[in-house]
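S.K.: What follows is the residue order along each chain.
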Amino acid sequence: MSETASIRGRDVVSLNTFSSDEIRAVIARARRLKEEGYDSPLQGRSLAMVFFDPSLRTRASFAIAFSTLGGSVIDMVAGRDLWPLEMREGAVMDDIADEHVIDAARVLSEYADVIGIRALARGGPWGRERRDRVLVSFQKHAQVPIFNMESVLDHPCQAWGDALTLDEALGDLRGKRLALTWCYHPKARPLAVPHSVSVMAAKMGMHLTVASPDGYPLDHGVQSALSHAAALSGGSVQHVENLEEAVEDADVVYAASWSSLDLHDRPAEERALRNRFRDRRVTTELMGRTNDARFMHAMPIRRNVEADDAVVDADGSLVLAQAGNRLHVQRALFQDVLGV
Amino acid sequence: MSETASIRGRDVVSLNTFSSDEIRAVIARARRLKEEGYDSPLQGRSLAMVFFDPSLRTRASFAIAFSTLGGSVIDMVAGRDLWPLEMREGAVMDDIADEHVIDAARVLSEYADVIGIRALARGGPWGRERRDRVLVSFQKHAQVPIFNMESVLDHPCQAWGDALTLDEALGDLRGKRLALTWCYHPKARPLAVPHSVSVMAAKMGMHLTVASPDGYPLDHGVQSALSHAAALSGGSVQHVENLEEAVEDADVVYAASWSSLDLHDRPAEERALRNRFRDRRVTTELMGRTNDARFMHAMPIRRNVEADDAVVDADGSLVLAQAGNRLHVQRALFQDVLGV
Amino acid sequence: MSETASIRGRDVVSLNTFSSDEIRAVIARARRLKEEGYDSPLQGRSLAMVFFDPSLRTRASFAIAFSTLGGSVIDMVAGRDLWPLEMREGAVMDDIADEHVIDAARVLSEYADVIGIRALARGGPWGRERRDRVLVSFQKHAQVPIFNMESVLDHPCQAWGDALTLDEALGDLRGKRLALTWCYHPKARPLAVPHSVSVMAAKMGMHLTVASPDGYPLDHGVQSALSHAAALSGGSVQHVENLEEAVEDADVVYAASWSSLDLHDRPAEERALRNRFRDRRVTTELMGRTNDARFMHAMPIRRNVEADDAVVDADGSLVLAQAGNRLHVQRALFQDVLGV
Numbered sequence: 001m002s003e004t005a006s007i008r009g010r011d012v013v014s015l016n017t018f019s020s021d022e023i024r025a026v027i028a029r030a031r032r033l034k035e036e037g038y039d040s041p042l043q044g045r046s047l048a049m050v051f052f053d054p055s056l057r058t059r060a061s062f063a064i065a066f067s068t069l070g071g072s073v074i075d076m077v078a079g080r081d082l083w084p085l086e087m088r089e090g091a092v093m094d095d096i097a098d099e100h101v102i103d104a105a106r107v108l109s110e111y112a113d114v115i116g117i118r119a120l121a122r123g124g125p126w127g128r129e130r131r132d133r134v135l136v137s138f139q140k141h142a143q144v145p146i147f148n149m150e151s152v153l154d155h156p157c158q159a160w161g162d163a164l165t166l167d168e169a170l171g172d173l174r175g176k177r178l179a180l181t182w183c184y185h186p187k188a189r190p191l192a193v194p195h196s197v198s199v200m201a202a203k204m205g206m207h208l209t210v211a212s213p214d215g216y217p218l219d220h221g222v223q224s225a226l227s228h229a230a231a232l233s234g235g236s237v238q239h240v241e242n243l244e245e246a247v248e249d250a251d252v253v254y255a256a257s258w259s260s261l262d263l264h265d266r267p268a269e270e271r272a273l274r275n276r277f278r279d280r281r282v283t284t285e286l287m288g289r290t291n292d293a294r295f296m297h298a299m300p301i302r303r304n305v306e307a308d309d310a311v312v313d314a315d316g317s318l319v320l321a322q323a324g325n326r327l328h329v330q331r332a333l334f335q336d337v338l339g340v
Numbered sequence: 001m002s003e004t005a006s007i008r009g010r011d012v013v014s015l016n017t018f019s020s021d022e023i024r025a026v027i028a029r030a031r032r033l034k035e036e037g038y039d040s041p042l043q044g045r046s047l048a049m050v051f052f053d054p055s056l057r058t059r060a061s062f063a064i065a066f067s068t069l070g071g072s073v074i075d076m077v078a079g080r081d082l083w084p085l086e087m088r089e090g091a092v093m094d095d096i097a098d099e100h101v102i103d104a105a106r107v108l109s110e111y112a113d114v115i116g117i118r119a120l121a122r123g124g125p126w127g128r129e130r131r132d133r134v135l136v137s138f139q140k141h142a143q144v145p146i147f148n149m150e151s152v153l154d155h156p157c158q159a160w161g162d163a164l165t166l167d168e169a170l171g172d173l174r175g176k177r178l179a180l181t182w183c184y185h186p187k188a189r190p191l192a193v194p195h196s197v198s199v200m201a202a203k204m205g206m207h208l209t210v211a212s213p214d215g216y217p218l219d220h221g222v223q224s225a226l227s228h229a230a231a232l233s234g235g236s237v238q239h240v241e242n243l244e245e246a247v248e249d250a251d252v253v254y255a256a257s258w259s260s261l262d263l264h265d266r267p268a269e270e271r272a273l274r275n276r277f278r279d280r281r282v283t284t285e286l287m288g289r290t291n292d293a294r295f296m297h298a299m300p301i302r303r304n305v306e307a308d309d310a311v312v313d314a315d316g317s318l319v320l321a322q323a324g325n326r327l328h329v330q331r332a333l334f335q336d337v338l339g340v
Numbered sequence: 001m002s003e004t005a006s007i008r009g010r011d012v013v014s015l016n017t018f019s020s021d022e023i024r025a026v027i028a029r030a031r032r033l034k035e036e037g038y039d040s041p042l043q044g045r046s047l048a049m050v051f052f053d054p055s056l057r058t059r060a061s062f063a064i065a066f067s068t069l070g071g072s073v074i075d076m077v078a079g080r081d082l083w084p085l086e087m088r089e090g091a092v093m094d095d096i097a098d099e100h101v102i103d104a105a106r107v108l109s110e111y112a113d114v115i116g117i118r119a120l121a122r123g124g125p126w127g128r129e130r131r132d133r134v135l136v137s138f139q140k141h142a143q144v145p146i147f148n149m150e151s152v153l154d155h156p157c158q159a160w161g162d163a164l165t166l167d168e169a170l171g172d173l174r175g176k177r178l179a180l181t182w183c184y185h186p187k188a189r190p191l192a193v194p195h196s197v198s199v200m201a202a203k204m205g206m207h208l209t210v211a212s213p214d215g216y217p218l219d220h221g222v223q224s225a226l227s228h229a230a231a232l233s234g235g236s237v238q239h240v241e242n243l244e245e246a247v248e249d250a251d252v253v254y255a256a257s258w259s260s261l262d263l264h265d266r267p268a269e270e271r272a273l274r275n276r277f278r279d280r281r282v283t284t285e286l287m288g289r290t291n292d293a294r295f296m297h298a299m300p301i302r303r304n305v306e307a308d309d310a311v312v313d314a315d316g317s318l319v320l321a322q323a324g325n326r327l328h329v330q331r332a333l334f335q336d337v338l339g340v
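Residue numbers (the numbering used here), protein chains in the order written: chain A, 1 to 340; chain B, 1 to 340; chain C, 1 to 340.
Derived by calculation from the structure, the hints in this document are not laboratory data.
Incorrect hints may appear among the rest.
Stated by the list, open to error - Below, simulated DSSO-like cross-link-like pairs (lysine-lysine); rule was C-alpha separation at most 30 Å, straight line:
1. K34/A to K187/B
2. K187/A to K34/C
3. K34/C to K140/B
4. K140/A to K140/B
5. K34/A to K187/C
6. K140/B to K187/C
Said to hold, decoys possible - Chain B side only, calculated, beta carbon under 10 Å to chain A, not exhaustive:
7. E36
8. S40
9. R45
10. S61
11. G70
12. Y184
13. P186
14. R271
15. L273
16. E285
17. D313
18. G324
19. R326
Fair warning: this is a prediction, and the values are worked out from it, not measured in the lab.
Every residue, glycine too, gets a C-beta built ideally from N, C-alpha and C.
Full structure from sequences and hints, please.
M.R.: If you want it as structure tokens, here you go:
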């Protein structure tokens, strides 16, 4: 089966729906595009990006990847360019929602060959937020492939770019050790990055250690997916609390911060719990305990809070390569999904 | 005379300024583009869209049509990207307006080959709003063709897309019966869609029935234009109040909602009047009284308030085709107006 | 040395960093592009525009110039698309700034071949504002050429377009007389335009007279640069208060308004001082004292406050040509800086 054929026409909403081979095939195409350059295969095609939340890296990398391949991009901001959307099927729409997501998704499908959606959590209870209602609604009603530009649960394009970065830095990832380390951040951060990075590591056959304080687990559904993926790939997944323990012999330290799930809709309590871990960050000393590990972060990064300047700017830091590779992975993904 | 030559260089601000043959020629070109595809004839050309009000369908269809033909698009939002504009000629500009519309229109004409303007009513008395001051000011001072992306009075590109949709669904429109049915909506809606759809029906030689409650007429100037257009085209125009009467034997039921003109600047009174018609919507039962009519709506649609889900999602519903055809008509219009 | 080679890869942040010959070479290329048309040399290249302040002319001319040459453009608005940026190096980022300018600049350099920055003053003391912290930070950390789309101190692309306009209108500028006349404006306006226009005049060998009331000097650093540039080019620079005196025998009257530097952070006092000059504007009578001078203004212009309609709309007025020429100069600059 050709690389292109395998994911043509598919939604890109989570790495969970792609096999390890499919993930590797996209990485291989991205490396070729990066080395050999590209032409204008998307001429006459269009991408509609719909933002329910702001974005720098994702917006820039999606838009530039699509348009430098010759395609057209429109960028819609919900609440500014889009009417308030009704999500409940069968609703009598006599309230504030001016348009049903059914219609918004179908209309955009008439105009665009691909639709990107960014919709983060709104501060509700995790049990409700984790259903990823906006993304799932667009996925259900759109007639063209949907790209997840970060949802409540997942951020597959970030993780795909990270996989390319690791592939360039470390070669074959099977058996390599990645420590995903919860660090302090002044705000309760989304779960999508830690989820998608964990799934990527498990799919790639890495030994993943998630290091987070009590009260900061990953989503239970993601945890099940991780165990399943690791079993298939020959990797492993473990959880520890202690940072030092987590990074011992690690080949990669991936710093992130995320909200407590139990306290997801109780910000004051969440903050009080989080504030107990103010000093939890990646330092040069911590990096000294690793197997000369590379440092990763999805950005934006709080310097000297999540990780020290000396770590972020060290030779072994991959943070800039991660950001840059999002562009190259995006070019490969658009071509593969559109079959060009 | 070639199709292209006939409308080259002209403003697209209302269907009133185009002959029935010119309207049909654009539809024919749109059908060919839709079937045969398109190239990049707008390479090096640019479209400046200026939004005084938000937009989904119009913004997306204008931007994607222009750019997939190879052109460049910029999108300016008044109050964000544009300075507050002075509209009065000769004004001593010592108040809040930072720039005169004379200068904004002329400068944009230096940068763009086409300018699109969206400017809806601001809640003033209808007698003042109907002058369409923003659109008319840009039309007066711009040196390049102006496209109306919906003004107080008119929305020609919506109606042109609707004409393409009807042409595909019903063939020759002469003698066909279109019922434009006022339905309840929780908000007082603009007049531009009912106006432009009515003009389109009259220009196409259809028998138009406008069905609206007492207090919800169309603009008197539009009514005069309708009579004139129908007389020329062999169509007819009548007004009734009753929904059931209006749709009897109709080939097309076009649902819309619009504000009372007399109460245009008195929202509380308008709302009280409108609320008396809360149950006025298109149901399956109502559609049963027609000549197996197709259902149309310009969207966004309030499902189960303006029309029931069963009507919107029925096989005979054209709502999605309408939205999609805006893209194809737009491609034809840009090429014809730019003469490429 | 070829024209292109001379400025390839350089930042365009001020005319101060370009020689008179380099400025003239870009003007010559712009005139050729304007006459002979252009192709798609920027295909596959991208421009990221970052706006900390709104913009019409600059945004439109940058975006259309880059994209009509085949390139891709993204447009980021700080505070909407960008996280709040930390500017202090080594900062412990536990406050509101979510991202460091180091990282924002480096990441954008991964995505874009050119970065444009607009960042005006924030109402602080002039001694602090004049450091142009945002622009300088991006310039320091970006890995690709930075274009100043107007900063606190400078607006080089405006002045470069003005130089093209004067070149077309007057031919060789050496020895021609330009009067930069401070006029009343209801708001305290930025300094960037008067600064960059002055530098341009001095670099081009013009005799520059800056006419402003007591309390409205140009920045002292700019004044030094002017003297230096004029000495090199054979031009001259003088300052007067009186409007009538300033325009005597002028070939060009360039109207502008700007804030008092001493009162830059004291808006009430600045306003009181400025209000003493309410009647200071360019009239037909004033133009009668000149050497049949051309009238210029960078727009947006307050008609009948800064200059009378009869002056702005006179045959000799260059205001529209100035705006239009920004597009042509921009096309030349992008090609020269990118070396294509």
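S.K.: Does each hint hold? Answer for all of them.
M.R.: Cross-check of the supplied hints:
Taking the CA atoms of K34/A and K187/B, the gap is near 52 Å; set against the 30 Å cutoff, the hint is violated. The straight-line distance between the Cα atoms of K187/A and K34/C is roughly 52 Å, outside the 30 Å bound, and the hint therefore fails. In summary, the hint linking K34/C to K140/B is supported, as the alpha carbons are separated by about 26 Å, within the 30 Å threshold. A distance of roughly 46 Å separates the Cα atoms of K140/A and K140/B; the hinted pair therefore is violated under the 30 Å criterion.
Using a Cα cut-off of 30 Å, the hinted pair K34/A and K187/C is violated, with the two alpha carbons roughly 50 Å apart. Restraint check for K140/B and K187/C: the C-alpha separation of about 29 Å stays at or below 30 Å, so the hint holds. The interface hint given for E36/B is violated, since its Cβ lies 13 Å from the closest Cβ of chain A, which is over the 10 Å cut-off. For S40/B, the shortest C-beta to C-beta distance to chain A is roughly 7 Å, which falls under 10 Å, so the interface hint holds.
Of the supplied interface hints, the one on R45/B is violated, with its beta-carbon coming no nearer than about 14 Å to a beta-carbon of chain A, more than 10 Å. Checking S61/B against chain A by beta carbon gives a least distance of about 6 Å; that is within 10 Å, so the hint holds. With 10 Å as the threshold, the beta carbon of G70/B comes within range of chain A, its nearest partner Cβ sitting at about 8 Å, so the hint holds. The closest approach between the C-beta of Y184/B and any C-beta of chain A is roughly 9 Å, which is under the 10 Å cut-off, so the hint is satisfied.
Given the 10 Å rule on beta carbons, the hint for P186/B holds: about 5 Å separates it from the nearest Cβ of chain A. For R271/B, the suggested interface contact is broken, since its CB lies about 13 Å from the closest CB of chain A, more than 10 Å. Hint status for L273/B relative to chain A: violated, with the closest Cβ pair at about 17 Å, above 10 Å. Taking 10 Å as the C-beta cut-off, the interface hint given for E285/B is violated, the closest approach to chain A being about 17 Å.
For D313/B, the shortest C-beta to C-beta distance to chain A is roughly 8 Å, which falls under 10 Å, so the interface hint holds. The closest approach between the C-beta of G324/B and any C-beta of chain A is roughly 3 Å, which is under the 10 Å cut-off, so the hint is satisfied. Residue-level restraint check for R326/B holds (minimum Cβ-Cβ distance to chain A is 8 Å; threshold 10 Å).
When the structure is compared with the earlier hints, violations turn up for hints 1, 2, 4, 5, 7, 9, 14, 15 and 16 and for no others.
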